[in-house]
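Based on the hints, put chain B in the right spot on chain A.
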Amino acid sequence: MQGTDFNIETVEFLDPSGKLKRPLPDALGGRDKLIHLYRIMVLTRVFDRAAINLQRTGALGTYPSNEGQEAIGAGVGLAMQDTDVLVPYYRDVATQIQRGTLLEEILVYWGGDERGMCFSNQAEDFPVSVPIATQCCHATGIAYAMKYRRQNRAVVTTCGDGATSKGDFYESINIAGAMKLPVVFVVNNNRWAISVPLEKQTAAKTIAQKAFAVGIDGIRVDGNDAIAVYQVVSEALEHARGQHRPSIVEALSYRLCDHTTADDASRYRDQKELDQARELEPLIRFKAYLQSEHQWSETEDEALYVDCDSQVKKAIDAYKATPDQQPGEFFNYMFAKPTANLEKQKKEYFAEVKRHG
Amino acid sequence: MAEWTLLEAVKQAFAWELGADENVVVLGEDVGVNGGVFRATDGLQETFGAERVVDTPLAESVIVGMAIGMAAQGLKPIVELQFMGFIYPAVDQIINHAARLRNRTRGRITCPMVIRAPFGGGIHAPEHHSESTEALFAHMPGLRVVIPSSPARAYGLLLAAIRDPDPVVFLEPKRVYRLGKQEVEDNGAALPLDSCFVLRDGIDVTLVSWGASIKETLEAAGKLSQIGVDAEVIDVATISPLDIETILDSVSRTGRCVIVHEAARSFGVGAEIAAQLAGEGITSLLAPVKRVTGFDTVMPLYRYEDQYMPGVNRIIDAVKESMEYR
Numbered sequence: 001m002q003g004t005d006f007n008i009e010t011v012e013f014l015d016p017s018g019k020l021k022r023p024l025p026d027a028l029g030g031r032d033k034l035i036h037l038y039r040i041m042v043l044t045r046v047f048d049r050a051a052i053n054l055q056r057t058g059a060l061g062t063y064p065s066n067e068g069q070e071a072i073g074a075g076v077g078l079a080m081q082d083t084d085v086l087v088p089y090y091r092d093v094a095t096q097i098q099r100g101t102l103l104e105e106i107l108v109y110w111g112g113d114e115r116g117m118c119f120s121n122q123a124e125d126f127p128v129s130v131p132i133a134t135q136c137c138h139a140t141g142i143a144y145a146m147k148y149r150r151q152n153r154a155v156v157t158t159c160g161d162g163a164t165s166k167g168d169f170y171e172s173i174n175i176a177g178a179m180k181l182p183v184v185f186v187v188n189n190n191r192w193a194i195s196v197p198l199e200k201q202t203a204a205k206t207i208a209q210k211a212f213a214v215g216i217d218g219i220r221v222d223g224n225d226a227i228a229v230y231q232v233v234s235e236a237l238e239h240a241r242g243q244h245r246p247s248i249v250e251a252l253s254y255r256l257c258d259h260t261t262a263d264d265a266s267r268y269r270d271q272k273e274l275d276q277a278r279e280l281e282p283l284i285r286f287k288a289y290l291q292s293e294h295q296w297s298e299t300e301d302e303a304l305y306v307d308c309d310s311q312v313k314k315a316i317d318a319y320k321a322t323p324d325q326q327p328g329e330f331f332n333y334m335f336a337k338p339t340a341n342l343e344k345q346k347k348e349y350f351a352e353v354k355r356h357g
Numbered sequence: 001m002a003e004w005t006l007l008e009a010v011k012q013a014f015a016w017e018l019g020a021d022e023n024v025v026v027l028g029e030d031v032g033v034n035g036g037v038f039r040a041t042d043g044l045q046e047t048f049g050a051e052r053v054v055d056t057p058l059a060e061s062v063i064v065g066m067a068i069g070m071a072a073q074g075l076k077p078i079v080e081l082q083f084m085g086f087i088y089p090a091v092d093q094i095i096n097h098a099a100r101l102r103n104r105t106r107g108r109i110t111c112p113m114v115i116r117a118p119f120g121g122g123i124h125a126p127e128h129h130s131e132s133t134e135a136l137f138a139h140m141p142g143l144r145v146v147i148p149s150s151p152a153r154a155y156g157l158l159l160a161a162i163r164d165p166d167p168v169v170f171l172e173p174k175r176v177y178r179l180g181k182q183e184v185e186d187n188g189a190a191l192p193l194d195s196c197f198v199l200r201d202g203i204d205v206t207l208v209s210w211g212a213s214i215k216e217t218l219e220a221a222g223k224l225s226q227i228g229v230d231a232e233v234i235d236v237a238t239i240s241p242l243d244i245e246t247i248l249d250s251v252s253r254t255g256r257c258v259i260v261h262e263a264a265r266s267f268g269v270g271a272e273i274a275a276q277l278a279g280e281g282i283t284s285l286l287a288p289v290k291r292v293t294g295f296d297t298v299m300p301l302y303r304y305e306d307q308y309m310p311g312v313n314r315i316i317d318a319v320k321e322s323m324e325y326r
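Listed in order, the protein sequences are those of chains A and B. No gaps in the numbering here: position 181 of the first sequence is 181 in the numbering used here, and each next residue is one more. No gaps in the numbering here: position 54 of the second sequence is 54 in the numbering used here, and each next residue is one more.
Just chain A, with the same shape it has in the complex (with noise of 0.2 Å):
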């Protein structure tokens, strides 16, 4: 064995065509956890395509599209407990819906509007994370807060690929290991930072060896698996609290979709890779399976798409409905208190207001 090369196994349990490699996790035992899985993906897939035509006519600003990554999502939220906190990064529909983020909160977020991060459930969960990385820095401070109150509750952090160059992501691993603290940091790796693949992006051959570099432990599954993501997760979220075993789940994926609508991968990306991508994605095999092994039928099928087009009309509308923020609003949240500077530059905006309108 050469010193760059860990031979890390990919852990899988369904493969593309939906057969079950493996015996299925207990706990994902009966149909219904199944069901849910595949629903979450669905509903995400629906969302997703909802989401970018808003885009395109001019209701939504621009949107990061999480098509090809359902499996993670969907894997990483329904490991995680009520009590564990998720901080994101911003293609992570899936799991944020599992947390009990409203649809429209996202819409309204990506609608320009701070409002979308006020959420309504989980109020210990922060908001998706544009700057890349640097919420990595933030989990590992939600994980010490954790362990310094001996609570048994521990943090989920995502991230693409490109973020595992930054150094943020090198420091929030680092201290993970060095302090012993409940964290799982899961990286989507959809081989592409926009428009750099990954072989541009380390000489690295897995990054789950990452973690070796800094004495945690390093995973790597199937990221179009759902059950293979939930199952590594949950271990991993177990060896988080209960052994403060801070841990790497790096997600096999592609991305299938540009990445936001304000860009064109047919610029950089060859469309034959695209193509055979487009077999192994999530959706496809889990239906499989639920038809091979669960009965799943067409009308089941149908029917959850439809459940799913009429969840997200919803939102949409709900969206649509949400009212204006008031005028200068944004000067609001500065400060606990306002400062006598902003209460100034705030009576000027209301007069320029009262003049013009």
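Since the hints were made in silico from the structure, they are not lab data. Please note that the accuracy of each hint is not assured.
[Claimed, not checked] Label pairs and their in silico Cβ distance ranges:
{"id": "1", "chain 1": "B", "residue 1": "88", "chain 2": "A", "residue 2": "330", "range": "24 to 30 Å"}
{"id": "2", "chain 1": "B", "residue 1": "203", "chain 2": "A", "residue 2": "355", "range": "39 to 45 Å"}
{"id": "3", "chain 1": "B", "residue 1": "88", "chain 2": "A", "residue 2": "82", "range": "34 to 40 Å"}
{"id": "4", "chain 1": "A", "residue 1": "22", "chain 2": "B", "residue 2": "21", "range": "48 to 54 Å"}
{"id": "5", "chain 1": "A", "residue 1": "354", "chain 2": "B", "residue 2": "311", "range": "49 to 55 Å"}
[Unchecked claim] Below, simulated DMTMM-like cross-link-like pairs (lysine to aspartate or glutamate); rule was C-alpha separation at most 20 Å, straight line:
{"id": "6", "chain 1": "A", "residue 1": "346", "chain 2": "B", "residue 2": "272"}
{"id": "7", "chain 1": "A", "residue 1": "344", "chain 2": "B", "residue 2": "272"}
{"id": "8", "chain 1": "A", "residue 1": "166", "chain 2": "B", "residue 2": "92"}
{"id": "9", "chain 1": "A", "residue 1": "346", "chain 2": "B", "residue 2": "280"}
{"id": "10", "chain 1": "A", "residue 1": "147", "chain 2": "B", "residue 2": "245"}
{"id": "11", "chain 1": "A", "residue 1": "347", "chain 2": "B", "residue 2": "280"}
{"id": "12", "chain 1": "A", "residue 1": "166", "chain 2": "A", "residue 2": "124"}
{"id": "13", "chain 1": "A", "residue 1": "344", "chain 2": "B", "residue 2": "280"}
{"id": "14", "chain 1": "A", "residue 1": "346", "chain 2": "B", "residue 2": "245"}
{"id": "15", "chain 1": "A", "residue 1": "147", "chain 2": "B", "residue 2": "51"}
{"id": "16", "chain 1": "A", "residue 1": "180", "chain 2": "B", "residue 2": "55"}
{"id": "17", "chain 1": "A", "residue 1": "344", "chain 2": "B", "residue 2": "30"}
{"id": "18", "chain 1": "A", "residue 1": "180", "chain 2": "B", "residue 2": "51"}
{"id": "19", "chain 1": "A", "residue 1": "337", "chain 2": "B", "residue 2": "51"}
{"id": "20", "chain 1": "A", "residue 1": "344", "chain 2": "B", "residue 2": "245"}
{"id": "21", "chain 1": "A", "residue 1": "346", "chain 2": "B", "residue 2": "194"}
{"id": "22", "chain 1": "A", "residue 1": "147", "chain 2": "B", "residue 2": "22"}
{"id": "23", "chain 1": "A", "residue 1": "180", "chain 2": "B", "residue 2": "29"}
{"id": "24", "chain 1": "A", "residue 1": "347", "chain 2": "B", "residue 2": "21"}
{"id": "25", "chain 1": "A", "residue 1": "180", "chain 2": "B", "residue 2": "30"}
{"id": "26", "chain 1": "A", "residue 1": "147", "chain 2": "B", "residue 2": "21"}
{"id": "27", "chain 1": "A", "residue 1": "354", "chain 2": "A", "residue 2": "329"}
{"id": "28", "chain 1": "A", "residue 1": "337", "chain 2": "B", "residue 2": "194"}
{"id": "29", "chain 1": "A", "residue 1": "344", "chain 2": "B", "residue 2": "194"}
[Unchecked claim] Listing some non-contacts, in silico: residues in chain B with all C-beta distances to chain A over 12 Å:
{"id": "30", "residue": "19"}
{"id": "31", "residue": "39"}
{"id": "32", "residue": "57"}
{"id": "33", "residue": "113"}
{"id": "34", "residue": "187"}
{"id": "35", "residue": "198"}
{"id": "36", "residue": "215"}
{"id": "37", "residue": "245"}
{"id": "38", "residue": "286"}
{"id": "39", "residue": "287"}
{"id": "40", "residue": "317"}
For each residue, glycine too, the CB sits at the ideal point set by N, CA and C.
Just chain B now, kept in the frame of chain A:
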């Protein structure tokens, strides 16, 4: 009452608040066993334990980023960054997150934390150890920038900063860390943030400064009084948000203003004060506002740093020019 240096006052403020509030956690490089490179946390780990006085890896960005996560959970982290010259890896965390978290979550998640860093020249330190870049942080919405200039104000303002519900960048003038002792009552009493302190009453000219430069400014005021110029001296203390009212009030009586700071001149805090005086105090002014500052150069290495630092003579000359202006 105890007699403390500014550095001892910082430590005593820590000790008081660590004892009073179990949510307070001190973290940074070498703050534990070693007690900090300047000994500002000397003995605190022994008293309060390694969970509350935390030695971190050498990584400024995650030290501040971790403190943001702690603060979001209701802890009150106090971060020590060893020198202001080493704060820049953490600027992403300070500006993009600490300063914005309350606003972006509409108050759902807040960030009560203190980021301490020793700053300024005059102690013959190596390269990158002597700069004064407070204006970078003063310019950023969502941050408080506080600079003490005496042991009593270090104690009271640091306690106020720790208890403040929002992030505070607390910059300590290391040149005067051990420069003299002052009697301070160790009673846990905070001093007000967002307020200037009038250190010397006068009627002829207003001298405005902060941090270590307060020393030369007060010396200059003493010498000026011997030639019949009665200077008022204001310690800004909270650089941002700026208490311009106290300065305007003083200038409305004196009509003249000289601003003294060690940082480079252009686009600095002095420029903001001068702009506000021009905007709201123009009718009081009998002479142009003058600035006595460091130059718009890289801070020279220690052998030549005295050439850069605004000294007593430069302040006196500026005041004389201001007094002679008709």
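Results for each hint:
no.: 1; hint: 88(B) / 330(A): 24 to 30 Å; verdict: holds, 28 Å
no.: 2; hint: 203(B) / 355(A): 39 to 45 Å; verdict: holds, 41 Å
no.: 3; hint: 88(B) / 82(A): 34 to 40 Å; verdict: holds, 39 Å
no.: 4; hint: 22(A) / 21(B): 48 to 54 Å; verdict: holds, 51 Å
no.: 5; hint: 354(A) / 311(B): 49 to 55 Å; verdict: holds, 50 Å
no.: 6; hint: 346(A) / 272(B); verdict: holds, 19 Å
no.: 7; hint: 344(A) / 272(B); verdict: holds, 16 Å
no.: 8; hint: 166(A) / 92(B); verdict: holds, 12 Å
no.: 9; hint: 346(A) / 280(B); verdict: holds, 17 Å
no.: 10; hint: 147(A) / 245(B); verdict: violated, 46 Å
no.: 11; hint: 347(A) / 280(B); verdict: holds, 16 Å
no.: 12; hint: 166(A) / 124(A); verdict: violated, 25 Å
no.: 13; hint: 344(A) / 280(B); verdict: holds, 13 Å
no.: 14; hint: 346(A) / 245(B); verdict: holds, 17 Å
no.: 15; hint: 147(A) / 51(B); verdict: holds, 10 Å
no.: 16; hint: 180(A) / 55(B); verdict: holds, 14 Å
no.: 17; hint: 344(A) / 30(B); verdict: violated, 42 Å
no.: 18; hint: 180(A) / 51(B); verdict: holds, 12 Å
no.: 19; hint: 337(A) / 51(B); verdict: violated, 31 Å
no.: 20; hint: 344(A) / 245(B); verdict: holds, 12 Å
no.: 21; hint: 346(A) / 194(B); verdict: holds, 18 Å
no.: 22; hint: 147(A) / 22(B); verdict: holds, 14 Å
no.: 23; hint: 180(A) / 29(B); verdict: holds, 18 Å
no.: 24; hint: 347(A) / 21(B); verdict: violated, 38 Å
no.: 25; hint: 180(A) / 30(B); verdict: holds, 19 Å
no.: 26; hint: 147(A) / 21(B); verdict: holds, 18 Å
no.: 27; hint: 354(A) / 329(A); verdict: holds, 16 Å
no.: 28; hint: 337(A) / 194(B); verdict: holds, 12 Å
no.: 29; hint: 344(A) / 194(B); verdict: holds, 15 Å
no.: 30; hint: 19; verdict: holds, 17 Å
no.: 31; hint: 39; verdict: holds, 24 Å
no.: 32; hint: 57; verdict: violated, 5 Å
no.: 33; hint: 113; verdict: violated, 10 Å
no.: 34; hint: 187; verdict: holds, 24 Å
no.: 35; hint: 198; verdict: holds, 18 Å
no.: 36; hint: 215; verdict: holds, 28 Å
no.: 37; hint: 245; verdict: violated, 7 Å
no.: 38; hint: 286; verdict: holds, 26 Å
no.: 39; hint: 287; verdict: holds, 26 Å
no.: 40; hint: 317; verdict: holds, 32 Å
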